[in-house]
Amino acid sequence: MVASGVRAQAPAPSPGRSLAVLIALRIGYAYNWFNVSAALPGIGAQFEVGPGEWGLLLAVFLVAAGVMQVPAGLLSRRYGARTLSLAGAGLLGAAGLACAFAPSFAVLLALRAAAGTGAALFFSPAIGLVAGLYPEGRRGLPLGSFTTAFSAGAALGVFGSALLVSATAWPVAFLAGGIGLLVLTGIGVAVIPKTVGGPARRPASAESRRAVHEVLRSPALWAIGIAFIGLEGATFATGQFLLPFGLALRGWSPALAGAIEAMFLLPSVAGGPLGGPLAERSTARRTQLVLGGSLAGISVLFLPWAGPGAALAIGIVFAFTYGFVYSVMYVLPHYLPGLSSPEIPLAIGLFNSVQLAGGGLVALAFGQIVAASGYTVAWVALGLIVIGTLAAMLIVPRTGRVPSSAGPAPG
745 MVASGVRAQA PAPSPGRSLA VLIALRIGYA YNWFNVSAAL PGIGAQFEVG
795 PGEWGLLLAV FLVAAGVMQV PAGLLSRRYG ARTLSLAGAG LLGAAGLACA
845 FAPSFAVLLA LRAAAGTGAA LFFSPAIGLV AGLYPEGRRG LPLGSFTTAF
895 SAGAALGVFG SALLVSATAW PVAFLAGGIG LLVLTGIGVA VIPKTVGGPA
945 RRPASAESRR AVHEVLRSPA LWAIGIAFIG LEGATFATGQ FLLPFGLALR
995 GWSPALAGAI EAMFLLPSVA GGPLGGPLAE RSTARRTQLV LGGSLAGISV
1045 LFLPWAGPGA ALAIGIVFAF TYGFVYSVMY VLPHYLPGLS SPEIPLAIGL
1095 FNSVQLAGGG LVALAFGQIV AASGYTVAWV ALGLIVIGTL AAMLIVPRTG
1145 RVPSSAGPAP G
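Residue 1155 is where the sequence shown ends in the numbering used here, and the numbering goes up by one at each step.
Derived by calculation from the structure, the hints in this document are not laboratory data. Treat each hint with caution, since some may be false.
[Stated by the list, open to error] Label pairs and their computed distance ranges (CB to CB):
1. F1046 - V793: 27 to 33 Å
2. R822 - A1135: 33 to 39 Å
3. I1139 - A764: 35 to 41 Å
Backbone N, C-alpha and C define an ideal beta-carbon position, used for all residues, glycine too.
Construct all of the structure, not just a fragment, from the sequences and the given hints.
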């Protein structure tokens, strides 16, 4: 993935330090996605809302993050990947911090929507920023590491916030996430060179505008987005509902429930570094995505009958395959026919937009099913959705060994 809308430059000196900061930002970013789960019972008690409204709280974040993905790609072309990704991280941190002081559930919903907007502005430009640090052929491991850092932050979000909330109160989970991300954003401003991920130096040409339109109309990119709506929704539902499920119905302690929920996120740290390099070396990327997504969906089907040990095992399988799938997915656009290098971040933004917005609706539906029919029906329905949406991958063409856009990575 490359920095959007910028001219080719030599890779930045000492990219490791900038990559380390971006990985830390990715961890803080992910914490602010998943620190909601431990807060849900307290939010429910304070604002007198239940699982249906919890699903809405999760959905507004994901839908905002999804809707803003494409605008983020376009804004990144104009203002630069560095500027936009750091601004997005700052907005996510500020909105997360404000959630701790929300006076009503309606205000909390609005703040989570603002946080989702910040998440969108950070994500796809940051992928371009990571890729801009390294030349062609050396991006697989950095991108895989950056991608799976999300799982480390998400696991910290569910487990760390569970401990924080059990010892204090639900707003503390948001205080910790907001302050931490704002500090990391300041470090990013100081450390990441301005020469990496700068804005385009030329106004958009008619050819460039046509390329943007072709990306937005690409059946393959829309198909990738639709195919993983189920997996995106399942990741958020397991990462947010599993803790209250374990507390309320299984009698698990907050520490045990948080640890089990973390296992649905953390092992993807191992899946990502495997998936990225494998996708660069193999032509069977579509098969890799379908097999990984199917395994994740099958694992969710067994959740209603799983004790603590089995739930941990299911979580490890689910998270590992999730990390593997998303790392392959972010390499795939480089090899899609007809996709030029400057448009890759926009392509990623497009299918992420579909996945996040659709996944938000899946999370909303999950909460409604829990409220109407209970967790057993909801988990089974979720697993079937994950598997069913993968049929859209039939539209995605096979890819070869040669990238569709060769040349040095834009800075």
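ask   = Which hints, by number, does the structure contradict?
value = Structure breaks no hint.
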